[in-house]
Each structure stands twice: as structure tokens, then as C-alpha cells.
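Given the structure of chain A, go ahead and fit chain B with the ligand onto it with the hints provided.
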Amino acid sequence: MSWFTRKDKGIQTPTEAKREAPDGLWYKCPDCGKIMHTREHKLLAYTCSNCNYHERIGSQEYFELLFDDTLYTELDAKMSSGDPLHFTDTKAYPDRIRATEKKTGLKDAVRTGHGKVNGRDLVVACMDFGFIGGSMGSVVGEKIARAMDYSLAHRIPFLMISKSGGARMMEAGFSLMQMAKTSAKIALLDKAGIPYISLLTDPTTGGVTASFAMLGDFNISEPGALIGFAGPRVIRETIGKDLPKGFQSAEFVQEHGFLDFIVDRKELKDRLASLLDIIWKG
Amino acid sequence: MRTLLDFERPIAELEARIEEMKRLAAEKDLDVSSATAVLEEQLIDLKKETFRNLTRWQRVQLSRHPDRPYSLDYIQRICDDFIEIHGDRQVGDDKAIVGGFAKIDGRPVMIIGQQKGRNTKDRQFRNFGMPNPEGYRKALRLMKMAEKFGVPVISLIDTPGAYPGLEAEERGQGEAIARNLREMFVLQVPVICVVIGEGASGGALGIAIGDQVLMLENTWYSVISPESCSSILWRSWDYKEQAAEALKLTASDMMGNGLVDGIIPEPLGGAHLDYDAASEILKAEILLQLDKLEAIPAERRIDQRIEKFSGMGVFVE
Ligand SMILES: [Zn+2]
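In order, the protein sequences belong to chains A and B.
Mapping to full-length UniProt numbering: the first sequence position 133 is 133, numbers consecutive.
Mapping to full-length UniProt numbering: the second sequence position 180 is 180, numbers consecutive.
This is chain A alone, in the form it adopts within the complex (with noise of 0.2 angstroms):
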């Protein structure tokens, strides 16, 4: 079993130190306007204790909530974007990606990793938003996709995190490839009887809408996530009118029979392995 090694060798510290708020600083909620001490909002998984908002959250914080005690084995943690089509809007692409990733201190916008979750193993793979809006190239096509012939390999649950404005538009092609990919490796999971539970968070938009994340055996999400095809700006300026309140919130979808269940934050993990425990003998 080779991946017991890896793992030990992989194993991610966390980095509870650099992230634990010093006291005196406060998170304000931006829905409701709620003061909160930062400590308080991340005992809470990030949700507001008055209003319950969910503030957006990155891979780190995800895996911090998911995996027993933050320990895991990332998966591809190097890998980083290609400029394929040597592509130039205002910027050029290489210098972009250097600099997002120098502001966020991730490769690009996605992670995985193997970990366990109340003691069951789980792949997960997380999505960032904080890298050029959580946008799907190469890099987050190819990472998911190797996730899931990880999965495979180990006869393992799949979990994917979504949270993305759509195409990376950089890499044009290759970026609408990578939806085909990862539905790819969905049917071969399926096949393989492993179960995929996806978890689209605020926002899931675009291109990962139409493929991975609407893929799950388990569509699944968080209270108020913005999901959708197209955008709520494109379809206002395609119909005319103004959208009606709610469209495309998680509890919207979840009427018109597209999600299973939303789940608050708080009770993510454990809600994920009741269903793990229901249905796979591992």
C-alpha cells in the first residue's frame, strides 16, 4: 500500500499559528452587520451567530473543518498554470497568475488532498475563489481529474468543493476541455460504484456549473450559495427585467429539484459522514 507512505510524507501541518487571529480583532458580517470576535466567527466555521451568513472561505479552512485533527495528504500540490496560447489582455497571463499567486499564496485555484473525516477516508478536492475568481484552466482540470483517479485507484469518496466564476478565459480551449475531462473521470466513478457528493458553495457559476458540480450522486450545499449557468448580470441584460428575489440562491435550486439538501456549515462534516456511513461499506 504505497499511499501510506506518501501520506506520511505529505502530511500537511496546520498552520493554526499564522491564521489564529490575535485578540482584538473583529469580523464584522456583512449581511446583517453583526461585530463578532474573529475567534468566535471561525468556532462557528465562518458563519455569522446572528444571521447565520456564510462567509466565503478557501481551501485551508475547508480542510481545517473537514479532515480529522488538519491532517491530509495533498495531492499535486506543485503543479502551476501553463500559458499555452501565450495570451494577453491588459496583462499577460504569466505575469497574472505570478502575481495572484504571490497575493494568495496558492499554485492556483484549486487544492486536494486525502484525509479523514471522523475517521473515514475522503478525497477532497476545494476550490479557491481567491484565485482569479476560482476559474477552471488546466490546472484545476488536471488536478481534479488525477483526485479522481485517486479516488479510483483507492476505491475512495470523492468530495468536491465548488466555488467559481466559470471558464478561465486565458486559456480559452483548453479552459472548456477541462469540463469534458473532469465529467469524464465522473463516469468513471460512477461506473466503479464510488460515491461523488459535490458541494457547490457561494458562487458556483459557469462552466463548472455545467459540468462537475451539477455531477454529484449527492448535490449539495451551503444556506444562500449563488448557483447558476449563466450569471445573474447576463441573464438580466438577455430578459430585460430584473430577477426576482432569491433566484439562483441554494434554496431556489434545491425547489426546482436540482440540489439534495443544504447544509449548514456547522454541521458539514459531520452530516457527510452520517451519509458516508449510510451508504459505503468502504
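Everything labelled a hint here was simulated from the structure, so no lab data went into it.
One or more of the hints may lead you astray.
Simulated pairs of lysine-lysine, BS3-like, Cα-Cα distance not exceeding 25 angstroms [as the list claims (entries may be wrong)]:
1) A/Lys281 / A/Lys42
2) B/Lys47 / B/Lys22
3) B/Lys144 / B/Lys95
4) A/Lys91 / A/Lys28
5) A/Lys116 / A/Lys241
6) B/Lys148 / B/Lys103
7) B/Lys95 / A/Lys241
8) A/Lys116 / A/Lys266
9) A/Lys91 / B/Lys95
10) A/Lys241 / B/Lys121
11) A/Lys91 / A/Lys42
12) A/Lys191 / B/Lys144
13) A/Lys281 / A/Lys34
14) A/Lys103 / A/Lys91
15) B/Lys148 / A/Lys191
Non-contacting residues of chain B with respect to chain A, defined by C-beta distances greater than 12 angstroms in every case (computed) [as the list claims (entries may be wrong)]:
16) Asp6
17) Lys28
18) Leu43
19) Asn53
20) Glu147
21) Arg182
Each pair of labels, with its calculated beta carbon distance range [said to hold, decoys possible]:
22) A/Glu101 / B/Pro108: 20 to 28 angstroms
23) B/Arg2 / A/Ile239: 31 to 39 angstroms
24) B/Gly311 / A/Lys103: 30 to 38 angstroms
Cβ atoms here follow ideal geometry from the backbone N, Cα and C, with glycine treated the same way.
Chain B with the ligand in isolation, oriented as in the chain A frame:
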């Protein structure tokens, strides 16, 4: 009345001159054949020259040419018999995607295509070639039926995108496209996809997972249209030419990047100048590919389909 793009104008003018000369000659009973022969040679040179040097944006313009043949124009010419099948069995019949059983050179196929309209009324009827979820679901139903009866699938792509409407969202546009991607990978029958006009993003990809993905010479296929790309990245609609260049969206770009499998030539001057010739070329290519694909066992064909798309991407490790 033909619609002329800017770069088609000099060609049309020369054509008109030749016609005029011939008309006058006929009227006055003169022999001008040597003079017109020279001009006709010039015409061919001019066409070749113009089409060799097309910019990416000009290809986009050609792909959207108002006279360009649409799916049903090809189906009519390629198929001996076409039995159109309607509806997704759930919500309705999307007019932006047509499909049905047919025979090509005596061989049974399922042929599916995105369909645009020719005049204002027809364009609205076809929703400008922008499918709703029921269009994708109809396409999948037809593909599954083809699989059941062991008939290969031909898919013609020509869309400015999946429809970004209110009801489309309510009925799960994203889910409909996503499901097609997954299901097309495991279809037991051969699948040939041809971009015949516009291949815009997920709306195109939703019927474009195939063993062979081909593009006609004057088409484009990318993750976003040059106009939308311009508006997002340059924050203005005025950079569509630059965006088209940057997106590398032509058939030869896509072929060069290994993202499609082949380019199908069009008659000189573009498919819109000769529907019959364009259809003949397309038909010959489809038959050629069918021969090749039907020789491969189904499971291997599926493995190869998955492997091909799995290899797409450029990254550094
Ligand atoms: Zn609040």
C-alpha cells in the same frame, strides 16, 4: 440578395464585372471569352489570396455569415432519408436543436444539430440557435436511442451559446449540459462531432464529446465569444478583434493545440457560396470516419474517447 462581408466585397465586385461583360457580349453577340477567362483567373487568385490571409475575427464573421448553411441544410443534402424526432419527454421540444434517424449513403445514423433561423421570424423560432435545457435533454434522449439501436451519432455544432434565460436556469441548464458530457463519454456507439458554424462554450460542448471532433474550415470553437471576452477582460465591447486573436479559436488554432481532431475544408470562398459542394465534402468525411470508428470495438472506442479528452491541458509540475 447576397449579404457581403467587407472582405467579400472586392470578390463580389469582380464577379459582377465578369457577369456584366458576359451579359453585354450576349446582347451584342460578341465573343469575350478570352477576356472573361483572364478575369475569372484573377477572381480565383483573389479568392485564394483573401482566404489565405483571413484574420481570426474574419473567420468568426464567416462562421456567422447570414447565408451560411445550417444543420438542416446539411441534413437535407447529406441524408437520403431523415425522420425527425421531437421532444425531451419532459418539458417540450426545443427548436434550437433538431435531430432524428437518417441514412447517409444507405447507412443508418442518428444526426443531431443545433439549428439557427434564416429570417427574423425563423431566427426567433429557433431561439437564435441557443438551446434551453430541454434541447440538451432531447439530444441525450436521441443519443441513447441511437445506442439502443446500435446506430452511430453525428452531432453538428452551431450555437452562440446555451440560452442564458430565467426558465433555462430554473430547469437546470448547467445540469443538462453536465449530464450530456458525462453520458456522451460512455455511449457505446461511434460519435462524430462537427463544428459547422459557431462553437460557443459549454453550449457547444454539451453535444460535442466525440470519438472524432472536427471543425469546418471557417468556424470557431472556444470557451467564450470574442465579444463577451472583450467585455469582460478589456471592459469594453471594442476589443473583439484582439480577443479573437488572443482566444486562438479558429479550426487551425484548435487543431494545432490538439483540442480537435481534424479540419474539413470548405469550397473556396466559404460554405455559404456552395451548399451542395460543402455538403458533399462533409458527407465524404463522415463516411470516412464512420468506416474507421466502426472497426474499433466499443469498449476500446470509449477508452480512447476518455483518454483523448483526459490528455488536454497545459501545466507545469
Ligand atoms: Zn450576520
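We went through each hint and held it up to the structure:
Pair hint A/Lys281 plus A/Lys42 does not hold up; C-alpha atoms about 33 angstroms apart against a cutoff of 25 angstroms. For the suggested pair B/Lys47 and B/Lys22, the alpha carbons sit about 20 angstroms apart, so the restraint of at most 25 angstroms is met. Among the hinted pairs, B/Lys144 with B/Lys95 is consistent with the structure: their alpha-carbon atoms are about 19 angstroms apart, no more than 25 angstroms. With a C-alpha separation of about 34 angstroms, the suggested pair A/Lys91 and A/Lys28 falls outside the 25 angstroms cut-off, and the hint is violated.
This hinted pair does not check out: A/Lys116 and A/Lys241 have alpha carbons roughly 47 angstroms apart, beyond 25 angstroms. Distance check on the hinted pair: B/Lys148 and B/Lys103 sit about 17 angstroms apart at the alpha-carbon level, within 25 angstroms; holds. Taken as a hint, the B/Lys95 and A/Lys241 pair is honoured in the structure, with Cα atoms around 24 angstroms apart against an allowance of 25 angstroms. Proximity of A/Lys116 to A/Lys266 is assessed by CA-CA distance (about 17 angstroms); at most 25 angstroms being required, the pair is judged to hold.
Between the alpha carbons of A/Lys91 and B/Lys95 the distance comes to roughly 41 angstroms, so the proposed pair goes past 25 angstroms and is violated. Only pairs whose Cα atoms come within 25 angstroms are accepted, and A/Lys241 paired with B/Lys121 is accepted, the gap being roughly 23 angstroms. The hinted pair formed by A/Lys91 and A/Lys42 fails the criterion: a straight-line CA distance of about 36 angstroms is larger than 25 angstroms. Distance check on the hinted pair: A/Lys191 and B/Lys144 sit about 17 angstroms apart at the alpha-carbon level, within 25 angstroms; holds.
A distance of roughly 43 angstroms separates the Cα atoms of A/Lys281 and A/Lys34; the hinted pair therefore is violated under the 25 angstroms criterion. Under the criterion of a C-alpha separation no larger than 25 angstroms, the hint pairing A/Lys103 with A/Lys91 is consistent with the structure, at around 16 angstroms. A C-alpha spacing of about 19 angstroms is found between B/Lys148 and A/Lys191, which places the hinted pair at or below 25 angstroms, so the restraint holds. Its beta-carbon lying about 25 angstroms from the closest one in chain A, B/Asp6 satisfies the requirement of being farther than 12 angstroms from that chain.
At roughly 56 angstroms from the closest C-beta of chain A, the C-beta of B/Lys28 stays outside 12 angstroms, upholding its exclusion from the interface. The Cβ of B/Leu43 sits about 35 angstroms from the closest Cβ of chain A, beyond the 12 angstroms cut-off, so the non-interface label holds. B/Asn53, annotated as away from the interface, keeps every beta carbon of chain A farther than 12 angstroms; the closest lies near 21 angstroms. The claim that B/Glu147 is not at the interface with chain A holds, since no C-beta of that chain comes within 12 angstroms of its own (minimum 14 angstroms).
With a closest Cβ-Cβ approach of about 5 angstroms to chain A, B/Arg182 is found to fall inside the 12 angstroms limit, against its non-interface label. Take A/Glu101 and B/Pro108: their Cβ atoms lie about 53 angstroms apart, and the range 20 to 28 angstroms is violated. Taken as a hint, the range 31 to 39 angstroms holds for the pair B/Arg2 and A/Ile239, whose Cβ atoms sit roughly 34 angstroms apart. The hint said 30 to 38 angstroms for the Cβ distance between B/Gly311 and A/Lys103, and at roughly 31 angstroms that hint holds.
The structure fails hints 1, 4, 5, 9, 11, 13, 21 and 22 (numbered hints given earlier, in ascending order).
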